[in-house]
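Undergrad: Respectively, the protein sequence lines represent chains A and B. So for the first sequence, this note's numbering puts the first residue at 1; every next one is plus one. So for the second sequence, this note's numbering puts the first residue at 1; every next one is plus one.
No lab work stands behind these hints, which were simulated from the structure alone. Just to be clear, a hint being listed does not mean it is correct.
Same chains, same names: a pair is fine if it fits in one copy or spans any two.
[Said to hold, decoys possible] The list that follows gives simulated cross-link-like pairs (lysine-lysine, BS3-like), each with its CA atoms no further than 25 Å apart:
| # | residue 1 | residue 2 |
| --- | --- | --- |
| 1 | Lys2 | Lys224 |
| 2 | Lys156 | Lys200 |
| 3 | Lys156 | Lys84 |
| 4 | Lys78 | Lys302 |
| 5 | Lys228 | Lys348 |
| 6 | Lys78 | Lys103 |
| 7 | Lys309 | Lys103 |
| 8 | Lys397 | Lys309 |
| 9 | Lys363 | Lys203 |
| 10 | Lys103 | Lys305 |
| 11 | Lys305 | Lys200 |
| 12 | Lys103 | Lys28 |
| 13 | Lys81 | Lys228 |
| 14 | Lys397 | Lys302 |
Quick caveat, the model's predicted, so the values are computed rather than measured.
Protein chains: 2
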Amino acid sequence: MKSRLYFNRLDNLDNIKEELFNSIKKEKNSIGYYNLPNEDISSILEYADNFNRKIKNIVVVGIGGSSLGAKAVYNFLKPIKDMKRRLLFFESTDPLNISELIKEIDIDKSHFIIISKSGRTVETISIFKYIYAKNQNRNSYTFITDRGSNLDRFAKSIGSKIFYIPSMVGGRFSVLSSVGLVPLALCGIDIKTLLKGAKKIKKSFFEDGDIKSTLLDKAIFYAKNHEKYSINTLFAYSEGLKYFTEWYVQLWGESLGKIQNSSILNIGLTPIGIIGSRDQHSFLQLIMEGKRDKSVTFIKIKEHKSKLKVPDITLANLEDLDILNGIEFGDLINMQCDSIIEALLNEKDIPVDEVIISKVDEKSIGELIYYYELLTSLIGRLFNINTYNQNGVEAGKIILKEKLVTLKR
Amino acid sequence: MKSRLYFNRLDNLDNIKEELFNSIKKEKNSIGYYNLPNEDISSILEYADNFNRKIKNIVVVGIGGSSLGAKAVYNFLKPIKDMKRRLLFFESTDPLNISELIKEIDIDKSHFIIISKSGRTVETISIFKYIYAKNQNRNSYTFITDRGSNLDRFAKSIGSKIFYIPSMVGGRFSVLSSVGLVPLALCGIDIKTLLKGAKKIKKSFFEDGDIKSTLLDKAIFYAKNHEKYSINTLFAYSEGLKYFTEWYVQLWGESLGKIQNSSILNIGLTPIGIIGSRDQHSFLQLIMEGKRDKSVTFIKIKEHKSKLKVPDITLANLEDLDILNGIEFGDLINMQCDSIIEALLNEKDIPVDEVIISKVDEKSIGELIYYYELLTSLIGRLFNINTYNQNGVEAGKIILKEKLVTLKR
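Construct all of the structure, not just a fragment, from the sequences and the given hints.
TA: Here it is in structure tokens:
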């Protein structure tokens, strides 16, 4: 992975950088996600190796941090991998969506992974009940939850397989734990190599590699300029990264949208995920001419494995586009990305940076995940907020509970 | 459809409202989209009725305004309709994405609708060439383009069917023209009723109905407060509206992200689409506690046709969620929506409004489309910008062309 900043790094920041780095090193001892690349995964690998070969659908019942990570990795790799099993997600109370998904699977030939940290997630438990009413075979379920949660106790009572979420790992930082690794391993994704990618970034950051100074500079720039550039647009030039951008939106939205510890100030950076070249025809106009409140990060894949080409044919009256003839689509999409970067750099007041991953594989997406987790933690430190809670979502849950109680009376 | 504003309408605006309304009435004579609900669609209906029954896949090759509208309507209605044909979209130069789509269809048993207003869209023409090299049967293609474009002349040269885009209808305002109607009609969607929905909103707005004053008030509020509330979050409580939010993002992004006519000021409103209840576990935290720069519009479906329920079963240790037992998922999702609205209204500085459509059907999505088109035009007038061009995307195209020319040398 290469990470290039096209905006000017701020000067005279050695002290701030040193302090920031030290505070993250300290945080590393108490926040669980930092260490996930080094955890022992043998029990997950063994579980996946010995899994019932007749099962062809793995269905995750989970929402937010319990689904977005696995969804991001699975969809990135799907076009290049012959998956052992199909991965599906129930993550909405929309009845039409639930019916559509039910139609797609055979409940008796699917395996359900029920994921809820607390075991109290309304969506997850209500959908689980719906499925469980139709299939009470304990071998059809794997549960992933916090040790000692209600869901843990339920799973024990029926004798299903349980994986625990390591302590101090929040939902949106859990993709490299059992939450992401169990469903991904069951689909045949090489989770060892996924973690190897994450480990590489971890080492580069904590042991003075390339990525350390770039990440520190980037975080400081974003944090210092958060009032002016309050939006970050992640412009990924790969359809396979669509769900990665959704994971990033949750990661930033929930981690960085906070009331500051030191004040009553509402602070945040608004994440927006878009896909190239497609969204050149949608969101780009707003970046180019709209309010100057957006930094833009491009993600590019260096080497597209596909050799798919625009054929070398001339069509009557369409000759002016013969300029495209013979070009590989992989080169075309990267040239489109480079052209937009150039166009933005010709504008004033649009901070641009670029993350280049080498190819579509497990290692690259592992790198990308850990890079974004670190960046999030760094900005959170600079904002002086608690990056790892999400108190803001409680109010709605309490109101819903009151409404439900009133309904029952 | 009901549209309710929970923020205070600004006072003493009768003159501004009168002026705004009159300028839109004037614009209606020159901008084509306003009149689309009243156009004659008999040629489209006839084409769809007599279409080859063996064709089971309709493949749109188009991007941005040429794909997002049909995609929004199709995906909204898919869960409730037995579609005559499947609708697919090629809208990216990503080679892995192209290969995946090609694998899903049989090129000889599919019909391709090639949509490009100008006939010069890089993505569309390069993908069309790829497909055309494999299948030169003129009956496998329908072209939708501007009269007299290069693509029009090419289509004539091979003798394929052509539909034209009415004059003065821009891509992102074209879903109710041939651009959206032809692919939708071929899938068996009732395009007459779709237009009826749009016509209802048109009538209500231009002939002093309910929607007129609400739309004027809403547009004026958004425009007056554009510096403070520079982001609008569209929070749709229906998975089926996911692509509608993508259509809205393009509509607002390209229409409202502009350099003002009267100055060199970069102006805009940043559109963000999210889906409930799912994104309560992703973006909601940022709305609740983050920077106060977001207005939030909720879309709710009044009557979910589905009777799907949470079963009335008690599970050991999960008794505290028995409160959900017996509830219809359709009621649950709406209660979730109402709870979040209430939670936001308890906060300061978050302007909230709500759009309620009656059910999942053609009429409702037609209403929603026209409502959003009108709202966009109104804000554009107040911004004193050209709502209907997109000059900002040209720079990147020119740079790409230069790169391609250099490559060929």
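Undergrad: Determine for every hint whether it applies to the structure shown.
TA: Each hint, compared with the structure:
1. Taking the closest pair of Cα atoms, Lys2 and Lys224 come within 25 Å of each other only inside a single copy of the chain (23 Å); across copies the shortest separation is 43 Å, beyond that limit.
2. In this assembly of identical chains, Lys156 and Lys200 lie within 25 Å of each other by CA distance neither inside one copy nor across copies; the values are 37 Å within and 57 Å between.
3. In the homo-oligomer, the alpha carbons of Lys156 and Lys84 never lie at most 25 Å apart, since the shortest distance is 28 Å inside one protomer and 47 Å across protomers.
4. In the homo-oligomer, the alpha carbons of Lys78 and Lys302 lie at most 25 Å apart inside one protomer (18 Å), although the nearest pairing across protomers, at 37 Å, exceeds that limit.
5. For the identical chains of this complex, Lys228 and Lys348 are neighbours both inside a copy (13 Å) and across copies (22 Å), given an alpha-carbon limit of 25 Å.
6. For the identical chains of this complex, Lys78 and Lys103 are neighbours both inside a copy (22 Å) and across copies (13 Å), given an alpha-carbon limit of 25 Å.
7. In the homo-oligomer, the alpha carbons of Lys309 and Lys103 lie at most 25 Å apart only across protomers (16 Å), although the nearest pairing inside one protomer, at 37 Å, exceeds that limit.
8. Proximity of Lys397 to Lys309 under the C-alpha cut-off of 25 Å is restricted to the inter-copy arrangement: shortest distance 20 Å between copies versus 51 Å within a copy.
9. Only within a single protomer do Lys363 and Lys203 lie at most 25 Å apart by alpha-carbon distance; the minimum there is 14 Å, versus 56 Å between protomers.
10. With identical chains, the CA atoms of Lys103 and Lys305 are at most 25 Å apart between copies only, with a shortest distance of 17 Å across copies and 35 Å within one.
11. Proximity of Lys305 to Lys200 under the C-alpha cut-off of 25 Å is restricted to the intra-copy arrangement: shortest distance 22 Å within a copy versus 51 Å between copies.
12. For a Cα distance limit of 25 Å, the shortest separation of Lys103 from Lys28 qualifies neither inside one copy, at 44 Å, nor across copies, at 45 Å.
13. Taking the shortest Cα distances, Lys81 and Lys228 never come within 25 Å of each other, neither inside one copy (42 Å) nor across copies (46 Å).
14. For a Cα distance limit of 25 Å, the shortest separation of Lys397 from Lys302 across copies, 21 Å, qualifies, whereas the shortest one inside one copy, 44 Å, does not.
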